[in-house]
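A.B. asks: So the protein lines, in turn, are chains A and B.
Following this note's numbering, the numbering of the first sequence begins with 1 at its first residue and continues without gaps.
Following this note's numbering, the numbering of the second sequence begins with 1001 at its first residue and continues without gaps.
Careful, some of the hints might be misleading.
Here are the simulated SDA-like pairs of lysine to any residue, each with C-alpha atoms no more than 25 Å apart in a straight line [claimed, not checked]: (1) LYS131(A) <-> PHE1201(B); (2) LYS1315(B) <-> VAL74(A); (3) LYS1313(B) <-> LYS131(A); (4) LYS1228(B) <-> ASN1214(B); (5) LYS1210(B) <-> MET55(A); (6) LYS1278(B) <-> GLN129(A); (7) LYS1306(B) <-> THR1339(B); (8) LYS1338(B) <-> GLU53(A); (9) LYS1033(B) <-> GLU53(A); (10) LYS52(A) <-> SER63(A); (11) LYS1033(B) <-> MET55(A); (12) LYS1338(B) <-> THR59(A); (13) LYS52(A) <-> PHE1201(B).
Read the hints as simulated data drawn from the structure, not as lab findings.
The primary structure of each chain is shown beneath.
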Amino acid sequence: MSAKYLYAQVFLGYHLLLRLLRRIFQKKSPGLKNFVAYYRDNKITKFSRHEKELMSQWTRCISCGLCDSICASVSAYPVGPSFLQRLIRSVPDFVGNAALDLDHCQSCGACESVCPTNVPIVQAVQFIQNKENEVFAAT
Amino acid sequence: MSHVTIIGSGMAAVAAALEAKEQGAQVTVVRGKPGATALSSGAWDIAGNPLRHPSDPWQSIPSPLENIEQLIRRNPHHPYRAVAEEVGNLAQFGLGQSALGEFLGRSVEKISQALSYRIVGSVQQSFLALTPLGTLKATAFVPKSYGAGNFLTLQGARLLLVGFRGLASVSAPMAAAVLKKKVGGDLAEIQSVELFPDLAFNSPFELAQKMDGNLQEFFYGELAKAVKKFGPTHVALPPVIGVESTAQIFSRLQETVGVPCFETLALTPSIPGLRLHKAMEQFLRSQVTVVEGEATRFEADGRTIKRIFVRNKDKEEPLDVSQVVLATGKYLSGGISKTASFEEPLFHLPLGVTGKYFAKIYTGKLLADLFLADHPLFSVGVQTNRSLQPINEQNELVYENLWAAGSILAGTNPAIDHSGMGTAIATGTLAGRLASGKLASMRWVS
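Using the sequences plus the hints, can you model the full thing?
C.D. replies: This is how it looks when you write it as structure tokens:
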């Protein structure tokens, strides 16, 4: 074992210990809080672990558009659930700038019944509604 | 009278249902969730030529017939081979030299009629269609609304590419630029125009639906103005010209615009795919018995499947079967799943590719080194004998009353061999015929 290797190990170990100890005794850095506050105007927001898990399920969307067609056939004011396609590209961007009117969604689940890949579309709609309230209420 | 139960609702299932019904069988279709049908670009591929390079001259395209023969030689495990052998055996009964090609051509024709979904094209000559990106794709058949857009017949034409400003997914100027680079010298002129500058659409579906409705008259007027301004001989439109009333719109276009108009192929979400999906749904609902729900498990007596169980929402009901055609598709529609191991979730059929069988295997072993190569992973499926009946490692029939059709079959990778629709129709028709109990000595041509 060379001296260089040993030095590197000790160095890394020391700093790991230091970091762990700091985490216990130091106050949480205000960095994230400051960041979110600063970019509130730009409608950038936080996502919980559960929400991130939900988002990963939307990536199953194969953009076949069947949800759009069934929505139009059961509802007088179709929502066009294929907005998911854009949602999964950039969730923060979308939440802040959604031009869709989701109020007409009755959560009937017709879209989910035709989805070839079982995307939880109704949950996605509710997610967007909640997030919009959160983001817009804060501004 | 025989009774054929078909599991699946894609093109293979429709082909099997149509053929079995024509043979006088009683047909039941178990229809679960939709599969890949709605992703269709509109092109009905029979066989492509993977040896062609994008820089090859675009005018010289081998015919689907030539490609089929090459495909079977190159890939002896392709389902076409089983069909060719089964059908070729019957050449004496009326099919000519290229029995498979002729069989395919006739089957496609029959399906198009049964679905009232009008298509143009043939197996003798390729159809070179325009994509929304401005590239060209060779295929065999296309919907009628694409019909005027065969680039093999467009030399010297003045083409106008129409786009819709509010539809983000396609850009006519960009497509025109790409197309100019490809075929610039051979067409007299390629121009582009964007209509409806003030309208925004959430999805192509919204626009297509408005085309069916109140936007139609406005569209005729705007397009006529553009045609007057640019003076084209042909007009290429995005594939959003109506969902229900495409045929009527195109005949009205003939009157109001006066020059041949055609749609380009579609990206997803695909309106032509939706039209096909609806036509197939309509056919199944009106022509055969449909059981809605997903087939989840089955009961067998030795090597005979006796009963399957169909789950719809929370209810599970048994369905007695005598002859079964499995046409549940591959990964996308759940006909085959791959998590820790490969699985065919309904009958637990043995899976594999190129004559080998495996369940648990490291996926890396089924991938080629090159990204764009033909990865065996995508050809994994149910392996069958010549009569499309699933067999196991010992070459024995797994179940005596089971046939398989469509993309669940091993040996086909539609992204590479461009035979998706052809395989579905050829194997579906054959499976439907064999399952309905008509012996192979039957005449194929009536």
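A.B. asks: Which of the stated hints cannot be reconciled with the structure, identified by number in ascending sequence?
C.D. replies: Violated hints (numbers, rising): 3, 5, 6, 7, 13; every other hint is consistent with the structure.
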